[in-house]
Structure formats: C-alpha cells, structure tokens
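Single-letter residue listing:
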Amino acid sequence: DAGVIQSPRHEVTEMGQEVTLRCKPISGHDYLFWYRQTMMRGLELLIYFNNNVPIDDSGMPEDRFSAKMPNASFSTLKIQPSEPRDSAVYFCASTPQVLVGADTQYFGPGTRLTVL
Amino acid sequence: AQKVTQAQTEISVVEKEDVTLDCVYETRDTTYYLFWYKQPPSGELVFLIRRNSFDEQNEISGRYSWNFQKSTSSFNFTITASQVVDSAVYFCALRGPNFGNEKLTFGTGTRLTIIP
Numbered sequence: 537d538a539g540v541i542q543s544p545r546h547e548v549t550e551m552g553q554e555v556t557l558r559c560k561p562i563s564g565h566d567y568l569f570w571y572r573q574t575m576m577r578g579l580e581l582l583i584y585f586n587n588n589v590p591i592d593d594s595g596m597p598e599d600r601f602s603a604k605m606p607n608a609s610f611s612t613l614k615i616q617p618s619e620p621r622d623s624a625v626y627f628c629a630s631t632p633q634v635l636v637g638a639d640t641q642y643f644g645p646g647t648r649l650t651v652l
Numbered sequence: 072a073q074k075v076t077q078a079q080t081e082i083s084v085v086e087k088e089d090v091t092l093d094c095v096y097e098t099r100d101t102t103y104y105l106f107w108y109k110q111p112p113s114g115e116l117v118f119l120i121r122r123n124s125f126d127e128q129n130e131i132s133g134r135y136s137w138n139f140q141k142s143t144s145s146f147n148f149t150i151t152a153s154q155v156v157d158s159a160v161y162f163c164a165l166r167g168p169n170f171g172n173e174k175l176t177f178g179t180g181t182r183l184t185i186i187p
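Chains A and B, in that order, give the protein sequences.
Heads up, the first sequence is in our numbering, so the first residue is 537 and it goes up one at a time.
Heads up, the second sequence is in our numbering, so the first residue is 72 and it goes up one at a time.
What the hints contain is simulated information worked out from the structure, not anything from laboratory work.
Please note: incorrect hints may appear among the correct ones.
[To be verified] No farther apart than 27 Å at their CA atoms in a straight line, the calculated lysine-lysine pairs in the DSSO-like style are these:
(1) A/K614 <-> B/K141
(2) B/K74 <-> B/K109
(3) B/K87 <-> B/K174
(4) A/K560 <-> B/K174
[Stated by the list, open to error] The following label-pair restraints were derived from C-beta to C-beta distances:
(5) A/E619 <-> B/G114: 14 to 24 Å
(6) B/V155 <-> A/E550: 32 to 42 Å
(7) B/T184 <-> A/E619: 16 to 26 Å
(8) B/G114 <-> A/P606: 19 to 29 Å
(9) A/V548 <-> B/P112: 28 to 38 Å
(10) A/T556 <-> B/S113: 19 to 29 Å
(11) B/A72 <-> A/R600: 45 to 55 Å
(12) A/I541 <-> B/K141: 35 to 45 Å
[Said to hold, decoys possible] Only some residues are given here: those of chain B computed to face chain A with a beta carbon under 8 Å:
(13) Y103
(14) F106
(15) K109
(16) L116
(17) F125
(18) E127
(19) A159
(20) K174
(21) T179
(22) G180
A virtual CB, placed ideally from N, CA and C, is assigned to each residue, including glycine.
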C-alpha cells in the first residue's frame, strides 16, 4: 500500500515568492495533519483536517500560511509571500478515524523548504 | 496541558551495547496514548509503537522493548544489542483520548548515535 505522498521533496525559492506544498494521504484515512519541523522549535502542528474540514488551525503561524483540502485525497499548504524564517521541513500525516477518534498518525517523507 | 520531556538530547554508544531512551509525560487525561517515532538520517518519521494508557504491559519487538509505568509517567524505550542502523533521532509523543484530541504532542527528541 502506498504511504502518505508529499511533493515536492525539496523546494528552494526566493523571499517573497509563493510556495505550495502538496500532500496525498493514505487512502481511506479521514484525518490529515500538517507539521513543521525546525531545529529551534522541533515538531509543530500547523493545522489538521477531519473529512476535509479544518478542525484546528491554531498552529498556523500567520496569515501568510493557508491550507486547503478540496477532497479526501489531496491537500495543499501555501505560503504567500514566503520568508527565510519559513525554511523548515514540512510533514504531512494521515490517520483513519476509529471509534474513539483518530488512530496512529503515519507521516509522509516531508518537503524540505529553503527560502533564500 | 500536555507535555512530553525527553531529557537526553544526545546519546552515543558502541555497537552491540544496550541503550535506553527516556520519555516522561504530563497529562490530566485519564485515558491517553503514547507513541514512539524514529527519524533516521534520511529524514522521514517512522512509527514504532503506540501504547494505550490502560495497558501497562511492557512490549517487546525484536531488539526493541518499551517500559510503560503510569506511576512515574514514563514510557522508556530500550534497544538491545544496538546496531549502526539504529542511529537516528527518536521522538516520544502523547495524544489525548477522544474526538477533538487528535493532536500529537512531541518531545524534543533524542539523537542516538551507534558507533561501529
């Protein structure tokens, strides 16, 4: 079975440019999570969706960040305009819904973003 | 609020030695879930184990074992006869019980280096 798929794996862009990160969750999973990993702050949850609906976006740093999930098999995280401090590894994770809520989260390979 | 503490920032051991990674957590929930993830040098996050708070049995999987003790709020991870392939950053994580508690709270990770 295919795991969580993220694209691109690496992105280098210049400050001020728009960046779009993509994620395809594991088929049948109802939850999708976006995380950011930096040396200074570790792993941070940015936003998560349940059945394509955003549930908690309190971790989104500021208005420059936006996330969408137009259908069950695709999500995007957009940064506009990008800044050097956005440089990080962005992970997407998904999990099925079980009787007591979400199950184990399975992570994609990550997108390493560098903003010059 | 939930909190996960991994006090060991870095550990180095010689191959074939046993090593224990510590994880201490804080939560007010009576039901919760604990996880360990491995992040090898390639960068992906690999799920290792999930433990429910109501199941205090220790678990063994090959060279890996986990010691869950509610009395001390700890969920420690032991690698027996370590191998170079075990070199990675290991994260402990905590999640609440039910709907609306899907967030994972991660520790800061322990970087394990196995010296050949």
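Hints versus structure:
For the hint linking A/K614 to B/K141, the alpha-carbon distance of about 41 Å lies beyond 27 Å, and the restraint is violated. Only pairs whose Cα atoms come within 27 Å are accepted, and B/K74 paired with B/K109 is accepted, the gap being roughly 19 Å. Using a Cα cut-off of 27 Å, the hinted pair B/K87 and B/K174 is violated, with the two alpha carbons roughly 36 Å apart. Between A/K560 and B/K174 the CA atoms are separated by roughly 19 Å; this keeps the pair inside 27 Å, and the hint holds.
Between A/E619 and B/G114 the C-beta distance comes to about 22 Å, which sits within the given range of 14 to 24 Å. The supplied range of 32 to 42 Å is met by B/V155 and A/E550, whose beta-carbon atoms lie about 39 Å from each other. For the pair B/T184 and A/E619, the beta carbons lie near 33 Å from each other, so the given range of 16 to 26 Å is not met. Hint check: B/G114 to A/P606, Cβ distance near 27 Å, so the stated range 19 to 29 Å holds.
Checked against the hint of 28 to 38 Å, the pair A/V548 and B/P112 fails, with Cβ atoms roughly 20 Å apart. Separated by about 24 Å at the C-beta atoms, A/T556 and B/S113 satisfy the suggested range of 19 to 29 Å. Restraint check, B/A72 to A/R600: a C-beta distance of roughly 27 Å breaks the suggested window 45 to 55 Å. Here the CB-CB span from A/I541 to B/K141 is close to 37 Å, well matched to the stated 35 to 45 Å.
The beta carbon of B/Y103 is not positioned within 8 Å of any beta carbon in chain A (closest approach about 11 Å), and the interface hint is therefore violated. A least Cβ separation of about 7 Å between B/F106 and chain A falls short of the 8 Å threshold, and the interface hint therefore holds. A distance limit of 8 Å between C-beta atoms decides the matter here; for B/K109 the minimum to chain A is near 11 Å, and the interface restraint is violated. The beta carbon of B/L116 is positioned within 8 Å of a beta carbon in chain A (closest approach about 4 Å), and the interface hint is therefore held.
With a cut of 8 Å, the hint placing B/F125 at the interface with chain A is violated, because the nearest CB-to-CB distance is about 11 Å. A least Cβ separation of about 18 Å between B/E127 and chain A goes past the 8 Å threshold, and the interface hint is therefore violated. Given hint, B/A159 at the interface with chain A, is violated; its Cβ is 14 Å from that chain's nearest Cβ, farther than 8 Å. Among the interface hints, the one on B/K174 holds; its C-beta lies about 6 Å from the nearest C-beta in chain A, closer than the 8 Å criterion.
Interface restraint check for B/T179: the shortest CB-CB distance to chain A comes to about 5 Å, inside 8 Å, so the restraint holds. The criterion of a C-beta within 8 Å of any C-beta in chain A is met by B/G180, whose closest approach is roughly 7 Å, and the hint holds.
When each numbered hint is compared with the structure, violations occur for hints 1, 3, 7, 9, 11, 13, 15, 17, 18 and 19.
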